[in-house]
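> Put chain B on the given structure of chain A with help from the hints.
Listed in order, the protein sequences are those of chains A and B.
Residues -6 to 353, numbered by our numbering, are exactly what the first sequence covers, in order.
Residues 906 to 1153, numbered by our numbering, are exactly what the second sequence covers, in order.
To be clear, the hints were calculated from the coordinates, so they are not data collected in a lab.
There could be a bad hint or two in this list.
[As the list claims (entries may be wrong)] Covered, in the sense of this in silico footprint (three residues per stretch, anywhere, with C-beta under 8 Å from a C-beta of chain A), are these stretches of chain B: (1) 969 to 975; (2) 980 to 986; (3) 999 to 1011.
C-beta: ideal position from N, C-alpha, C; glycine also.
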Amino acid sequence: MATLADRVLGRTPLRRHLTLALLGLVVVVVVLESTGQFRNAQFAAMAYYGIAAGGLTILIGLNGQISLGHGAFMAIGAYTAALLLRGDEPFALPLVLLAAAGVALAAGALVGVAAARLHGPYLAGATLALAVAVPGIPVYFGEALGGEQGLTVRVPRIPDWFADAVFFVTGQDMSSSRYLAYVGWLCLIVTFVLLANLARSRVGRTWRAVRDHEVAAELAGIDLGRARVLAFVVSATCAGLAGGLLALSARIAAPSGFTLTLSLLLLSAIVLGGLGSLTGALIGAALLTFLPQLVTGWGQDLGLSDVRAAELAPLIYGLVTVLVVLFAPAGIAGGVLAARRRRAAHHGSPSARTDSEARP
Amino acid sequence: MSGVTVTFGGLVALSDVSLSVAPHQVLGVIGPNGAGKTTLFNVACGFVAPDAGELRWRGEVLADLRPHRLAGLGIARSLQDLGLFDRMTVLDNVLVGAGRHVRTGFWPALLALPRHHRDERALTDRALAVLDELHIADVAGRYAASLPYPVRKRVALARALVGEPDLLLLDEPAGGLADDEMAEIGELIRGLTARTSVMLVEHHMDLVMSVCDDIVVLDFGRVIARGGPDHVREHPAVLAAYLGEDVA
Chain A
-6 MATLADRVLG RTPLRRHLTL ALLGLVVVVV VLESTGQFRN AQFAAMAYYG
44 IAAGGLTILI GLNGQISLGH GAFMAIGAYT AALLLRGDEP FALPLVLLAA
94 AGVALAAGAL VGVAAARLHG PYLAGATLAL AVAVPGIPVY FGEALGGEQG
144 LTVRVPRIPD WFADAVFFVT GQDMSSSRYL AYVGWLCLIV TFVLLANLAR
194 SRVGRTWRAV RDHEVAAELA GIDLGRARVL AFVVSATCAG LAGGLLALSA
244 RIAAPSGFTL TLSLLLLSAI VLGGLGSLTG ALIGAALLTF LPQLVTGWGQ
294 DLGLSDVRAA ELAPLIYGLV TVLVVLFAPA GIAGGVLAAR RRRAAHHGSP
344 SARTDSEARP
Chain B
906 MSGVTVTFGG LVALSDVSLS VAPHQVLGVI GPNGAGKTTL FNVACGFVAP
956 DAGELRWRGE VLADLRPHRL AGLGIARSLQ DLGLFDRMTV LDNVLVGAGR
1006 HVRTGFWPAL LALPRHHRDE RALTDRALAV LDELHIADVA GRYAASLPYP
1056 VRKRVALARA LVGEPDLLLL DEPAGGLADD EMAEIGELIR GLTARTSVML
1106 VEHHMDLVMS VCDDIVVLDF GRVIARGGPD HVREHPAVLA AYLGEDVA
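This is chain A alone, in the form it adopts within the complex (with noise of 0.2 Å):
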């Protein structure tokens, strides 16, 4: 079995994350040219939310740093692309994106080293205060950062070539929301190729070793306070990114975007998905963005009115997020993990090195 896996994705890591990834593409521009525009921008939106996602769940999962307010990045990352997209020469797509992770990771850095400093609760207490101030100051400056209302976000023009290339391939013509689709996912498969990267490296390793002995792992030579602040502004500029794409898709950043509900979306994602696991958060992305819908069509077709069957979303998403507690601890992709274990003790195959935490 792990014999197999490794002729077919290859023996080191970073190849086998980038034939990973190449799969993903193919998979990504299959999905996204074979459907419309309505799922186009659901796509979008699970890019954005999977790459936040991510981020967070290296976060809570390997490090075992909690974080309520992610969103607050995410907001920050929105407002930045936003203000670069202003302009009568808005600047280019990759640069606004670029910036707002950047400006995200500037800010992470700051929270990160008072984090570092705070443990479980008071950690959990302390970014949630972030998750609540941080939609207030678009407030606060309404001059410049548009008040409650937002700020519109204009699409930048799809570049000819990338246009050209994807009808090249495809032979149909690129619609905005299936650029943005293009974009976010195409952010989502690199940014998981560097988390996945970073979570098999010394570096995971070392937030591996941080979340579960800490006194052993600076006796190991660890510098704690770095591992923890390293491995909140990696977390960070993932959101931020997410931002920016999230600005991009829904075509606006304003503070209602960004509740605490946003935040705590991103955690329930992950807790269901499976904490730690790159998989497991891209899961969590897919039932954060397609279960309303999808329960919500449920409702309709068993006869229920177009409100009632829009309120039975929350709570289906609620009794899943119980049953996943429940019965597979893990979350989903841990879960899928131990029962594929069990089966192969259950085999007698030989007990391949569990080295799935944590890839795409």
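Frame of chain A; chain B shown alone:
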């Protein structure tokens, strides 16, 4: 270390304690409960800063010693509660201990450059060699939490040894072990002197007497005796401290 004094509030935990470990020597620190053994270890590791006195390492004064710098100085310490990383594999546990030999940083790791991969390979070889030496290479892929206690002890030892320390501080290496396992640990410790000095804190007198070259006896934060096992065994102050007799 020389003239080390530590007070907690009004309580004197260590008072003017001086001791030294010679290369390739096993130094035992013993004493009744509350004598200050653990505090002594914590001073040596930088967890507790002494109020007076100084620490020297290879002739240089260690000012402002911090625990995470210890490994880089070539000093490793095992913990009483082992402190294994339970949700990591045995191999990963040991790899963390090998941090001193790491040559590449964050960016090669982020981009998974061949440089990082080569570095990891070298570390893994090193870690597997140590596991093999301690006869626990077969559990390299298992999670640390799933192992029986004596094996966990060896994992902790492997993690301390993989950094190739010049001084190994062992906090109760025989704690919780059965007699035959204790004899094995004793042999193991003796075997280590070829490459490192050892300083250990231990309650089991048999073990201390059999493995230590030199013994320091603490009582109420003071050194009351020091010397070879035979000397210490007969020392009246030691007998008094352990048996509670008055020394006339």
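> Does each hint hold? Answer for all of them.
Here's how the hints hold up against the structure:
Counting residues of the stretch 969 to 975 of chain B whose beta-carbon sits less than 8 Å from any beta-carbon of chain A gives 4, enough to reach three: the coverage restraint holds. Coverage of a stretch by a chain is defined here by at least three residues with a beta carbon nearer than 8 Å to that chain's beta carbons; for the stretch 980 to 986 of chain B and chain A the count is 3, and the condition holds. A stretch counts as covered by a chain when three or more of its residues have a beta carbon under 8 Å from one of that chain; for the stretch 999 to 1011 of chain B and chain A the count is 8, and the coverage holds.
Every hint from the earlier list agrees with this structure, and none is contradicted.
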